[in-house]
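Okay, here's what each chain looks like letter by letter:
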Amino acid sequence: MSNRRAPFPLSLYYFSIIAFLYLPIVVLFLFSINTNTTFSFPLKGLTFDWYQKLFQADAVLRAARNSLIVASGSSFAATLLGIMVSILMMRYQFRSKTLLLGLAALPLIVPYVVLGVALLLLFSVLHVDRSLLTVGIAHTVVALPYTLLIIASRLAGFDASIEEAAMDLGADYPTTLRRVVLPLILPAIVSAWLTAFTVSFDEFALALFLAGTQPTFPVYLFSQLRFANRLPIMIALAVLLMIGTLTLVFIAERFRRRET
Amino acid sequence: MDKDVGRGKGRSVTPTRPAVTLPHFLKKMGEGRGGGLDRRSTFLILYLPPLIWLGLFFLIPILLMAAFSFRADTYGSLFENWNLGLNQYATIAATGSYWRLLGVSSLIALVISISAVVLSYPLSYFLAFHAGKRAGLYLVLLLVPFWTSYLLRVMAWKIMLGTDGVINSLLMYTGVIKAPLEALLYNRSAVILTLIYVWIPFAALPILAALQRIEWTLFEAAADLGARPFHQFMRITLPLSLPGVLAAFFMVFIPTIGEYVTPLLVGGSRGFMYGNIIQDFFTKAANWPLGSALSMIMLAATLILVFIATRLIKLEDLLQ
Numbered sequence: 283m284s285n286r287r288a289p290f291p292l293s294l295y296y297f298s299i300i301a302f303l304y305l306p307i308v309v310l311f312l313f314s315i316n317t318n319t320t321f322s323f324p325l326k327g328l329t330f331d332w333y334q335k336l337f338q339a340d341a342v343l344r345a346a347r348n349s350l351i352v353a354s355g356s357s358f359a360a361t362l363l364g365i366m367v368s369i370l371m372m373r374y375q376f377r378s379k380t381l382l383l384g385l386a387a388l389p390l391i392v393p394y395v396v397l398g399v400a401l402l403l404l405f406s407v408l409h410v411d412r413s414l415l416t417v418g419i420a421h422t423v424v425a426l427p428y429t430l431l432i433i434a435s436r437l438a439g440f441d442a443s444i445e446e447a448a449m450d451l452g453a454d455y456p457t458t459l460r461r462v463v464l465p466l467i468l469p470a471i472v473s474a475w476l477t478a479f480t481v482s483f484d485e486f487a488l489a490l491f492l493a494g495t496q497p498t499f500p501v502y503l504f505s506q507l508r509f510a511n512r513l514p515i516m517i518a519l520a521v522l523l524m525i526g527t528l529t530l531v532f533i534a535e536r537f538r539r540r541e542t
Numbered sequence: 047m048d049k050d051v052g053r054g055k056g057r058s059v060t061p062t063r064p065a066v067t068l069p070h071f072l073k074k075m076g077e078g079r080g081g082g083l084d085r086r087s088t089f090l091i092l093y094l095p096p097l098i099w100l101g102l103f104f105l106i107p108i109l110l111m112a113a114f115s116f117r118a119d120t121y122g123s124l125f126e127n128w129n130l131g132l133n134q135y136a137t138i139a140a141t142g143s144y145w146r147l148l149g150v151s152s153l154i155a156l157v158i159s160i161s162a163v164v165l166s167y168p169l170s171y172f173l174a175f176h177a178g179k180r181a182g183l184y185l186v187l188l189l190v191p192f193w194t195s196y197l198l199r200v201m202a203w204k205i206m207l208g209t210d211g212v213i214n215s216l217l218m219y220t221g222v223i224k225a226p227l228e229a230l231l232y233n234r235s236a237v238i239l240t241l242i243y244v245w246i247p248f249a250a251l252p253i254l255a256a257l258q259r260i261e262w263t264l265f266e267a268a269a270d271l272g273a274r275p276f277h278q279f280m281r282i283t284l285p286l287s288l289p290g291v292l293a294a295f296f297m298v299f300i301p302t303i304g305e306y307v308t309p310l311l312v313g314g315s316r317g318f319m320y321g322n323i324i325q326d327f328f329t330k331a332a333n334w335p336l337g338s339a340l341s342m343i344m345l346a347a348t349l350i351l352v353f354i355a356t357r358l359i360k361l362e363d364l365l366q
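Line by line, the protein sequences give chains A and B.
Note that the numbering used here has the first sequence beginning at 283, numbered continuously upward.
Note that the numbering used here has the second sequence beginning at 47, numbered continuously upward.
Each hint can be trusted.
Here's a subset of chain A near chain B, in silico, CB distances under 7 Å, partners left out:
| id | residue |
| --- | --- |
| 1 | L292 |
| 2 | Y295 |
| 3 | V309 |
| 4 | L363 |
| 5 | D454 |
| 6 | P456 |
| 7 | M524 |
No wet-lab data here; the hints were simulated from the structure.
Here a beta-carbon is modelled for each residue, glycine too, at the ideal position from N, C-alpha and C.
Work out the full structure: start from the sequences and follow the hints.
Written out as structure tokens, the structure reads:
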């Protein structure tokens, strides 16, 4: 074990798997700059036409805008609720604590198809039309475990005596939260928000049940799969969105690492 | 009042607080209440919104689904002709194909999670022990595909495996085959291949975390005592990384058994999983009570699995 140089077969294996993991992504990118509407060899030619046509395709852009709205709303709500539950978790003792924490973490293990149909039932019974709001509500529920974990681990990471000091110096508890606790957990809040945003933006299994007449981008993408001639435009937008998501994830990671 | 405050009492609060900091509404209510109200009202402000949200949009929908599964009649509007009965469960019990599909889905999930764990173990091992200074960079390389849209990665496989897709056209172009292979897409193998692909980076994470926690001194001690690298691996590395392996297994197995999107895209009717019949009963077939009963069985199966998982793994082991 003293020899830390990679044995050749192991590093070869690592980079073969890496290549395997990137292959479909490269195929997607090539598909978006391919002149043909099917992706068959030999490639006929390369073009950026699909990217140009994209900006005239209203329905595609509307679906992307819908996803942005849902992701912004649900990530805001999930972060806010995550802050609340994690402060309760780390700084309070109360009888129903296990119940609340269990409720907040359980969406992580309930299959999305089950949660999706259960919410579909609820909204039907309440006569609530399916819309971006119903998708956003579902995304808030499934993003909450992530925001909770990220913020709670940050709260666990600093000493509660800082809060005691603030209160000894005369701050009441809400002021202590606002002036002491929130600034300290700000990196975790940003990271939690970005995580919730990317979870929502990409989510399809719940949105398919709850989107109604306003499709989010994944739902619209799915509905267009039958029309081969529109596929390259969809993939082109998907590639752009993928770059956007990756940028967000990298920012989230930077924030998460800065705190440790 | 002070007794009520006990609910919101946290270990971080000191009982001594100067009177000047009392909120003005409390001052109006009278002195000598110890300034506990602001902490109690803070508690309610923090407590009620998540409780209401999760109650209304998580707990009640699932209870409603449970109630629906005990509804005897199948058609008719939502709240009319509500008769309680076990018909839906009786139907499921009598229909062998549902159980077979649940069995097949569990088997598919088992194959996928074992493959993902076995394939990602060497990746984590490489990152933990042999990647050196570049481990961080290599890890990011591994995670970028995981951060890429799930639907897109599944779609990419559809494009790869299709009749006029990448693999077929490449094989025909190079003259390996004359006619496109139909067997690539729309079956269970396509679902299994795609999902293993999706989960590999995810499964590597808990294994990596477990490997990184192993003390270096253990290897030194083992080497001093004459253990060969293979023995070190079998006697130290593997047993100590087992919690991570189990965690990876369950983290893949649990979402996979409820999967319906990947079968929809690359599985076709031959590659359907249990989640797909639930989806069908809530969309095309519009038999919500039966769909609810099928969902309840899925939920029960998942919860039992999670229970077993928590018996096997200590959660604290996973949190770094």
